[in-house]
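From first to last, the protein sequence lines are chains A and B. FYI, the numbering for the first sequence is 95 to 633, going by my numbering. FYI, the numbering for the second sequence is 622 to 778, going by my numbering.
Because the hints were derived from the structure by calculation, they are not lab data. Note that the Cβ used here is the ideal one computed from N, Cα and C, for glycine as well. Heads up, some of the hints might be wrong.
Unchecked claim - Some chain B residues well away from chain A (every beta-carbon gap over 12 angstroms; in silico):
{"#": "1", "residue": "Leu660"}
{"#": "2", "residue": "Ser669"}
{"#": "3", "residue": "Arg689"}
{"#": "4", "residue": "Pro711"}
{"#": "5", "residue": "Lys740"}
{"#": "6", "residue": "Gly755"}
{"#": "7", "residue": "Ala759"}
{"#": "8", "residue": "Pro767"}
Said to hold, decoys possible - Partial selection, computed: residues in chain A whose CB lies under 10 angstroms from chain B:
{"#": "9", "residue": "Thr419"}
{"#": "10", "residue": "Cys456"}
{"#": "11", "residue": "Pro460"}
{"#": "12", "residue": "Ala510"}
{"#": "13", "residue": "Asp522"}
{"#": "14", "residue": "Pro524"}
{"#": "15", "residue": "His525"}
{"#": "16", "residue": "Ala580"}
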Amino acid sequence: MRRPSITILAAALLAFGLTACESPNWPAYRHSGLRQGEQDHETHLSDPAKVPALAVRWTFTPPSGEGGSFYGSPIVVHHRVFIGSTSGYFYAIDAKTGGLIWQFPPHGHPLMGTCAGGGGTQTFGQYGVMSSAAYFDDTVVFGAPDSDPATDSGLGSGRLWALKESDGSLVWKSDVVAHVNGCTPGNVAPELHERIAYSAPLVSEDAVYVGTHDAGDDPIQNGKVMAVDRATGHLLPGFSYSSTNSRGGGVWNGPAAEHDSLLFTTGNTRCDGAGCQSPEPSPNRGLSMVKIDRKTGAVQWQFQPVPYDLDDDPDWSAGVTVMETSCGRLATSVQKDGWTYALEAGSGSCSWQFPPTAGPGCKFAPGGAHIHGDTDYKRPGAAWEDVLVINTGGEALVHDGVGAGYGRLHALNACAPDELHRVRWLVDVPHASGSGYSIGAPTVTGGVVYVTTDQGHVVALADPLILGGAAAGYRCSNVDFTTLAACTVAGYAWVPIPKVLADVPLDGSSAAGLRNEAAIAHGRLFVSTVGGHVYMLSP
Amino acid sequence: MALSRLHPSLVWGRCLAVPLLLSVVLACNQKTQEGHGLLPPAPADQTSSANSSPVPFDQPLGNTGFARTVLHTTGPANIDVTVRDVIVGPHGEAQLPDSGGPLIVDLLSGKGSGAAGGKTLDLSSQHPASFPAGAAVALKNSGDGPLVVRLYMLEGK
């Protein structure tokens, strides 16, 4: 047999080198365990000349009689889209055509317990599949309630479900990771109302991790991260993490991976449907960004900017975006009150807070007037090297109040030399109502940012860098100043407004309200709506 | 097998393949950090924004201060209540107009002090500062960022 020539060998290796570290898939919520919301593999979707042609190419609607809302985001692997609905069904869809490939379980047997709880999306056991999935070894995994009467009487205790990518057959269902053993709102432990709901599983090394939380604070549950063996679904021996010694500190988001550790954020601990806790739980890992050892669950550091005294329920809902920047590895996230934080991932020390209000260490002192309440900054940011694109309160948060940043996207320079240069650009996202929940979590590819809106639009924005510095205009980083002179004298920055490359309405207008991220895979964009559809768009 | 005994093309092949494989592995493990840097400043003609604010800071206070009125109403006992926000630029100073009544200064963000009648109070978010009626209050920003305060002014009719 003739050996391949050196030239062919070299070419093959170079081609491998160019593609090996960039997967065109979107195999997890926020793309990977780093939860960066970035697609490195550049396509037409990262070409500002092509993006204006973005249009809907197909729409998927669940089979008749199933309905439901898509609160989770799609993942995309091997030209297949995987997503579950609040009706308790999980679907595999052909990424090229929108055709249904398989569903789990079969029609008429949804993953749904009997425990309705508070109703709406805040059910204890009837939330279906709100969790975005994750992919590993030809398997997709997600969290959902188990209706089996042998499992906590079928009330809706939560498990992780691992299915074969090819045909949707069950590989394993995990040990119970979220217990529901009663259905009375306000009842505290030993009655448990634990849910997986919004937490997307993380696959890291030999385990799958997921967070647990409550339903509508009725009452708050002791937040946990649970770990199961990825080969069997059995709980991982020796791993244990819970946020308190009583209740609170729910883990609402998908944990992120950072070397041999996990990073996540936690909810409130002080008051709930059962009243207010006194004394403060000990430990109290609520309202925090937390880093734990992935083998044992031991806490490596905890950052709690809002102390217990000021806990008016600013749950930390957005998960952690791990940024690999020119100034080091940062763990970034926005708390529900609108403040964004960047911590050194290794030590947990605060690199910066935005807006920079709390002073050294980025922690608010107990007491005084404050606005740390149950508000709606709940979307994680997208990382584009040193740039963090995120829905945050902005400079006006301190004087305009919690609504100051709703409907806006900020791009923040994570490695800015000083606070004056923190804001890179700022935009009022078109076709977003400007109320809470009005935009989804942004995603980015090659400097093109994609964001979904509550009015059912998909909007593409161009970082000015990829347009040779061109912008749609300029404005003050504090939106209450309208001239360059006043803006700069007052101590703020005059920043670009990024150009809108595309603004695509989906069918169904506001009923198509989007809550989550646009997944970017193989040059296609995939979005899911509360109205119960999945759309594929491409230029 | 000694390297010298190999066919020359195989020697070349190994010499090429090993560094190429190494470079691929290193490239995958060490994502290049260009960072994207800061954006260039705005063009000289871009000095005002098309975006308006429902509550702009439209009242200049000297060279480095700006104010806006958030609320003006008549409270109990026929007392006028005015709530204003003031922003003072980094290391700047702003003289507040005489309120005609007691004044409470609540720090929202930044670092600074308020001075009147030879008395200076450091501003704190936990302990609002109060000044008597008729005091000519000067706000001084001692930080590198903006000083943002909320003023509560009470004036008897």
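Here's how the hints hold up against the structure:
1. Leu660: violated (5 angstroms)
2. Ser669: violated (5 angstroms)
3. Arg689: Answer for Arg689(B): violated, closest chain A Cβ roughly 7 angstroms.
4. Pro711: Its Cβ does come within 12 angstroms of chain A, the nearest being 5 angstroms, so this is violated.
5. Lys740: With a cut-off of 12 angstroms, Lys740(B) remains clear of chain A, as the shortest Cβ separation is near 22 angstroms.
6. Gly755: holds (26 angstroms)
7. Ala759: Consistent with the label, Ala759(B) stays out of reach of chain A, its closest Cβ about 17 angstroms off (over 12 angstroms).
8. Pro767: At about 4 angstroms from chain A, Pro767(B) fails to clear the 12 angstroms cut-off, so the statement is violated.
9. Thr419: Check passed: Cβ of Thr419(A) comes within 6 angstroms of chain B, closer than 10 angstroms.
10. Cys456: violated (13 angstroms)
11. Pro460: It holds, given that the least Cβ distance between Pro460(A) and chain B is near 8 angstroms, below 10 angstroms.
12. Ala510: holds (7 angstroms)
13. Asp522: holds (7 angstroms)
14. Pro524: Hint violated; Pro524(A) Cβ to chain B Cβ min 12 angstroms, cut 10 angstroms.
15. His525: Where the cut-off is 10 angstroms and the nearest Cβ of chain B is about 16 angstroms from His525(A), the hint is violated.
16. Ala580: This interface hint holds because 6 angstroms falls under the 10 angstroms limit.
When held up to the earlier numbered hints, the structure conflicts with 1, 2, 3, 4, 8, 10, 14, 15 and fits the remainder.
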